Every structure is written in structure tokens, then in C-alpha cells.
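Student: Each protein sequence line maps, in turn, to chains U and H.
At position 133 of the first sequence (counting the first as 1) the number is 133 in the numbering used here, and the numbers step up by one without a gap.
At position 116 of the second sequence (counting the first as 1) the number is 116 in the numbering used here, and the numbers step up by one without a gap.
For the record, the hints were derived by calculation from the structure and aren't laboratory data.
Fair warning: there could be bad hints in the mix.
[As the list claims (entries may be wrong)] Estimated spans, in silico, between C-beta atoms of each pair:
no., chain 1, residue 1, chain 2, residue 2, range
1, U, T252, H, D353, 37 to 43 Å
2, U, L111, H, M321, 28 to 34 Å
3, H, P50, U, G60, 53 to 59 Å
[What the hints assert, rightly or not] Short derived list, chain H residues pointing at chain U, Cβ under 10 Å:
no., residue
4, W6
5, K11
6, N16
7, V17
8, G47
9, P50
10, Q53
11, E65
12, C95
13, S109
14, N112
15, A138
16, Y276
[What the hints assert, rightly or not] In silico PhoX-like pairs for lysine-lysine, Cα to Cα no more than 25 Å straight-line:
no., chain 1, residue 1, chain 2, residue 2
17, H, K363, H, K378
18, U, K266, H, K2
19, H, K363, H, K379
20, H, K11, U, K266
21, U, K266, H, K31
22, H, K165, H, K77
23, U, K266, H, K382
24, H, K363, H, K382
25, H, K77, U, K114
26, H, K77, H, K2
27, U, K266, H, K389
28, H, K54, H, K77
29, H, K379, H, K389
30, H, K378, H, K389
31, H, K11, H, K79
32, U, K114, H, K99
Please read these numbers as outputs of a predicted model, since none were measured by experiment.
We put the CB at the ideal spot given by N, CA and C, even for glycine.
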Amino acid sequence: MTTTDRTWSQSVSEYSRRPNGRRKSEQSQDVNVGGSERAVSMAAGSLLALVGISRRSLPGLLIAGLGADLIYRGATGHCHLYDAIGVNTARESGRPQDYFERGIHVEQSYLINKPRQELYQFWHNFENLPRIMSHLESVRVIDEKRSHWVAKAPSIAGGKMEWDAEFINDEPNVVIAWRSLPGADVDNAGSVRFLDRTHDRGTQVSVVIDYIPPAGRIGKWIAMLFGEAPEQQIQEDLRRFKRMMETGEIPTTQGQPRGTCDGSGKRQQGW
Amino acid sequence: MKAVTWCGTQKVSVDNVPDPTILNDRDAIIKVTSTCICGSDLHLYDGFIPTMQKGDILGHEFMGEVVEVGEGVPGDKLKPGDRVIIPFTIACGNCFFCKRQLWSCCDNSNPNAWLAEKLMGYSPSGLFGYSHMTGGYAGGQAEYVRVPFADVGAFKVPADLSDDKVVFLTDIYPTGYMAAENCNIQPGDTIAVWGCGPVGQFTIKSCFLLGAERVIAIDAVPERLEMAARSGAITINMADEYIYDRLRELTGGIGPDACIDAVGMEAHGMTLDAAYDRFATATFMETERPHVLRQAINCCRKGGTVSIPGVYGGIADKIPMGAMMNKSLTIRTGQTHVHRYVPKLLERIQKGDIDPSFVITHKLPLSQAPHAYKLFQKKQDKCIKVVLKPGM
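Construct all of the structure, not just a fragment, from the sequences and the given hints.
Tutor: Structure (C-alpha cells):
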């Protein structure tokens, strides 16, 4: 473990300050289409071009144009559409460059009326995190460095997403930082920092999460449509953490009685 | 079990619903022996409070006997068989706010805090039976209630004090007391109280208990003014005279030292600004009618205090900020921090300083709740306070 105060976000922001850090407009020649996908693209493009040319009409010309674009995409490995929405199927691992170009960055902090040590203890055992993070299904600690995470996903996306993660920084009672290892379904990295506040105010907990949405920016927008803006989600996770630590429980009304206004009743589901 | 449920504007029903169960370790289940209808319940009844859903169980002034406790409630704090009153605000006891005696600001008791934050910046505590913005908790106008954080939220009461004497410790007695305490009453002070409903009645009594020389009570309902006069207040019937003029005359031209708005968002008035409020609320430009609040600000002496126990929920128009600022007024307000007051007010009841049962005018069985709400809302049959008895 490094003794320097380092988190993933710092790696990412350092990357952006490097002299050869690239702006989005400079990445027009980047390969962002994966190998087998390029082959499929070439084949489909060739077929479409042939069909389009044989029609000898305006629609045919358009089809041929689409075919040509697919051939270009297959030949060069660069897709303008992927560029626009921030998808890259060519690379597997999330490097700081990728987070800078395509990542979502969320920061939230919360004041919790408990000593730093207690909060650090809870968070350090990543198996506790599904109790406060609603999008996590389970976390299993593999060894003192690595853990395996399973998150919930919409069923059209496969129902769940998994990855292995490792600690990249661990200073007892001060900061914990982690990131996903290559091969993750969704590249992500995070850190949590614990800071004493004075005059009996407790501990300030600051969480930073960076992740690369699998379907690019469209994925983030779709998720937001279904009421899951990442900033909101992390804030609610932190609120659950605060409540768990300060009171030992999360307040709920699930299962409480309610009426139906026609003389009978049922148990509450939902808020 | 039977429970009173909200079914739309001016519609409540008594439904047969499942019994409550322990949902979290610090819960307790109370068998309700007395439960009251509050003036703020009328805001729900009249459709002024958003985020209500048909079938929500109402009621936040209730007491009874503990029948079950969760594993997280220590036996020496609370156990089955204990007779308790439950504050209407739900508080965890461990957060920044509870630790500073700001119990109705508890950070941890509202499961829908995210929703309240959108309207208010930060969420107040959860409440029993008072819309989903405050958590959507099932209320106490029922045969049984589930009480969260029962180790903090249940106060034992002695067997020799009847329900009628202690049930108002749940809400309206501490509410009136806090309103009076917020005035920082000094010897010689004259306090003006708008609203002679049950909260106003307790406010008047508390002002005298805290050393006010005179209390002036303002309302338009004769039996309520009579009750205020029996407590020692000078009364003003707003249907008969101009409040500002009378207050100025009574105080020798200086104005009352403190003004208490014990009316809140559904104020009635016959002035131009009151008419504006009717129009604005009907067209959803405003969510309340702060007619009394404007009057309190206007009538208060310079350097005085405006204390606001009256419930407001959203956005009010045309508030005289100029008067407030230029007269150096202090505004003190808040949902009652009930837990702060129960021990000392219980002591006052035990000592005989006050018998809170004086406000009760009607006692009805729980099954007659729809009739009781109508009675209370229309102030029929000289109704001032209704207590519902599940066992009756």
C-alpha cells in the first residue's frame, strides 16, 4: 500500500494535466471498435454496399452509403457514433485516460455523528457495502487486497454486472481507495475519506466514485430516465450509511398497514 | 384492526386493515387507548397537504399500552405492559439534531428525506400519519400503532393520571408551551395569541405559567373565546373589531411584546389580503393562507417576537418583510420538539399546575371518526377538541 495520499480521482485528474493529455477533438483517429466487431462490420458493410448499388435508386444510394460507413469502420477501427456517445469496445481495461474521456464522476459528502474509527471499520469490510448501497447485490472478500463485486443491472443488460476490485490505498481511519481490475463488466473506482469535525459534530465522510457507463453517455441518460441519477444514488447510499451507523437501522414503512378506502386494507409496498 | 384512513378531500373512512408488525429492532407496538384529532389533521382533511395517498392511516396524537417490543429496545427502557404517551415527532436520539434537543429536526427518521429536501433544503423528522413527505408512517387513529425508535419515543405515564389528563403531552400541550417559551416572556409582558383552538388554549395557559402579565386571545368562535377567558385572557372577537386598533389601545400604543400565530396555513379573514389568499390557493399560486402571520408581524411591537406554532407546509405570498426587518422582530418557530418538554410538563400535571383535559368537548368511538372530523372541521356542536376511543 502506498503511503502517499492517493486516490483514483487524483490519478484521473493528474492525467488531464499531463502535456500530452488529449482533448476529445483530438481522438478522431482512435481505434474504438473491437476486433471481432470490426470483422462483422466489414462483412455487413460490403453486403449492404452491394445491395445498395444494385438498386440504382436514391434509397439504394443511402443504403450503399451506410454500407460504406460500416466498411470504413471495420477497416480503420474508428466509429464516429461510438465517439459521440463515448463507447469503446476495443479496449478492456479502464485506464485513467478512459475515465477522463468517458467516465462519470460523482462526489458527495455527509456528516455522521460517530468516531472516524467506527466508520472506517464498517467501510473497510467491503462485504458491508451492499447493506447501504442499493445498486450492489453482494461483495465477497477474496484476500486482503482483492474482492469480488456483483451489482444489479436492468434485465435487458443481463440482470447483473460483476467485477473484481483491489485496494489502491488504505490508511487506517483516514482513507480507503479501490478500483476495478481489468475484465470488469463496468470499470469503476472509488474512495472514501474520513475527516474529524470539531465541537462534537462527528466525522465528515467524503465519497468519490468514478465509473465508465457500459453504453456510454446514452447509458447514463437512460439510467437517469428511470430515476437513478448517479449523484442522487450515491447521496442516498451515504444517507443509509449515516443512518446505519447513528441508529443501527434504516427507517422504513415497508409492510406497514394501510387502508383501501372501501372498508378493507393491505400492507404497504413502495414508498 | 380498525383504522381511520384518508380518502380524498373531506373524506375519511374507517377501514379494517392488517395489524402493524415490528419492522425494525427498535420498534414497539402500542395498543391505542386514546387518540385525538388535531387541528393540523384538518389541513390533511381539507386537502392542503401534498403527497397524501388514498388509504394512508391518519393520527399523530395517541397513547396506550405497549404490547410488543423489538429486540433493540432495552427491557429497562420499555417493556410490554407499560402505559405510554408517544410524541408525534419521530426521533432517533443519536443525530446532530436530537443531541441538541431539536427533536422535530431528526435527521434519521424520515425514509423519504430525499423528497422533503427538494422542497425545504433539508428534511425535518418523520411524523406519524402526516403525508409521505414526512415519511408516510401509519398514524395512531387506529387500534394499534407501530412506534419506531421506541426506546427514545415512548414516555411512561403514571397509572393515577387518566388518559384525558396526559394524552395531550403527545402534541398540543408541548406545542402551546414551546410557542410561549419562544416568546422569551419577561415580567410585565403582554402576549397576543391568534387562534383559540386547542393549541391556542394551551398557549394561553403556558404564557401565564411562564409569567406573562396579560394574554390577549383573538378568534371569531364564541365558545373558544369563552374558554380562553376562563383561563384569564382578554378576548378580541375579530368579527366585531379591528385587531390592530384594539391591540394598540390595550397596550398603550406600543403593541404586544410578542405575537403568537396559533392558526397556521388555513387562516380565515375578512380583509383584502385574506381574499387574495383564497384566490391564490384556489389557483395553486400559493399553498397556504398566511393571513394571521401577516397580522402578527404587523401588530407586534418593535423589537418584539413573533412565535409561530401554526403549521405551514409550502409557499406563502405577500409577507411584510419590510415590517419584520425595520421593526427588529425576532421570529421563532418550528414543529414542536416534544421530547424536550414531556418530562417537565408531566411534572406540572402531577403537581396540579394544569389539568389538560379542560379542552376536551367530545369523546367518540373510533368508528365514528368520519362524523368526528366533520364536527371538528365545521366547529359544530361547540366542538373544540375530539378524543377518539378505540375501545368505546
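Student: Please go over all the hints and tell whether each is borne out by the structure.
Tutor: These are the hints, each one checked on the structure:
Taken as a hint, the range 37 to 43 Å holds for the pair T252(U) and D353(H), whose Cβ atoms sit roughly 40 Å apart. For L111(U) paired with M321(H), a C-beta distance near 31 Å keeps the hint of 28 to 34 Å intact. For P50(H) paired with G60(U), a C-beta distance near 58 Å keeps the hint of 53 to 59 Å intact. The beta carbon of W6(H) is positioned within 10 Å of a beta carbon in chain U (closest approach about 8 Å), and the interface hint is therefore held.
Because the closest C-beta pair between K11(H) and chain U is about 8 Å apart, less than 10 Å, the hint holds. The criterion of a C-beta within 10 Å of any C-beta in chain U is met by N16(H), whose closest approach is roughly 6 Å, and the hint holds. Checking V17(H) against chain U by beta carbon gives a least distance of about 3 Å; that is within 10 Å, so the hint holds. Checking G47(H) against chain U: minimum C-beta separation of about 15 Å lies over 10 Å; hint violated.
For the restraint placing P50(H) at the interface with chain U, the shortest Cβ-Cβ distance is roughly 14 Å, beyond the 10 Å limit, so the hint is violated. Because the beta carbon of Q53(H) sits about 8 Å from the nearest beta carbon in chain U, less than 10 Å, this interface hint is met. Interface hint at E65(H): violated, since its Cβ lies 19 Å from the closest Cβ of chain U, which is beyond the 10 Å cut-off. At its closest, the beta carbon of C95(H) sits 5 Å from a beta carbon of chain U; the interface hint therefore holds under the 10 Å criterion.
This hint holds: S109(H) has a C-beta 6 Å from the nearest C-beta of chain U, less than the 10 Å allowed. Taking 10 Å as the C-beta cut-off, the interface hint given for N112(H) holds, the closest approach to chain U being about 6 Å. Look at A138(H): its Cβ gets to within about 5 Å of chain U, closer than 10 Å, so that hint holds up. Interface hint status for Y276(H): violated, as the beta-carbon distance to the closest one in chain U is roughly 34 Å, over 10 Å.
The straight-line distance between the Cα atoms of K363(H) and K378(H) is roughly 17 Å, inside the 25 Å bound, and the hint therefore holds. Using a Cα cut-off of 25 Å, the hinted pair K266(U) and K2(H) holds, with the two alpha carbons roughly 12 Å apart. For the proposed pair K363(H) and K379(H), the alpha carbon gap of about 15 Å is at most 25 Å, so the pair holds. As the CA atoms of K11(H) and K266(U) are separated by approximately 19 Å, the hinted pair is consistent with the 25 Å bound.
Taken as a hint, the K266(U) and K31(H) pair is honoured in the structure, with Cα atoms around 19 Å apart against an allowance of 25 Å. The straight-line distance between the Cα atoms of K165(H) and K77(H) is roughly 23 Å, inside the 25 Å bound, and the hint therefore holds. At roughly 37 Å between alpha-carbon atoms, K266(U) and K382(H) are farther apart than 25 Å, so this suggested pair is violated. Our distance criterion of 25 Å between C-alpha atoms is met by K363(H) and K382(H), whose separation comes to about 13 Å.
With a C-alpha separation of about 23 Å, the suggested pair K77(H) and K114(U) falls inside the 25 Å cut-off, and the hint holds. Pair hint K77(H) plus K2(H) does not hold up; C-alpha atoms about 29 Å apart against a cutoff of 25 Å. Pair hint K266(U) plus K389(H) holds up; C-alpha atoms about 23 Å apart against a cutoff of 25 Å. Distance check on the hinted pair: K54(H) and K77(H) sit about 36 Å apart at the alpha-carbon level, beyond 25 Å; violated.
As the CA atoms of K379(H) and K389(H) are separated by approximately 20 Å, the hinted pair is consistent with the 25 Å bound. With a C-alpha separation of about 21 Å, the suggested pairing of K378(H) with K389(H) holds against the 25 Å cut-off. Distance check on the hinted pair: K11(H) and K79(H) sit about 37 Å apart at the alpha-carbon level, beyond 25 Å; violated. Our distance criterion of 25 Å between C-alpha atoms is met by K114(U) and K99(H), whose separation comes to about 12 Å.
In this structure, the hints that do not hold are numbers 8, 9, 11, 16, 23, 26, 28 and 31, in rising order.
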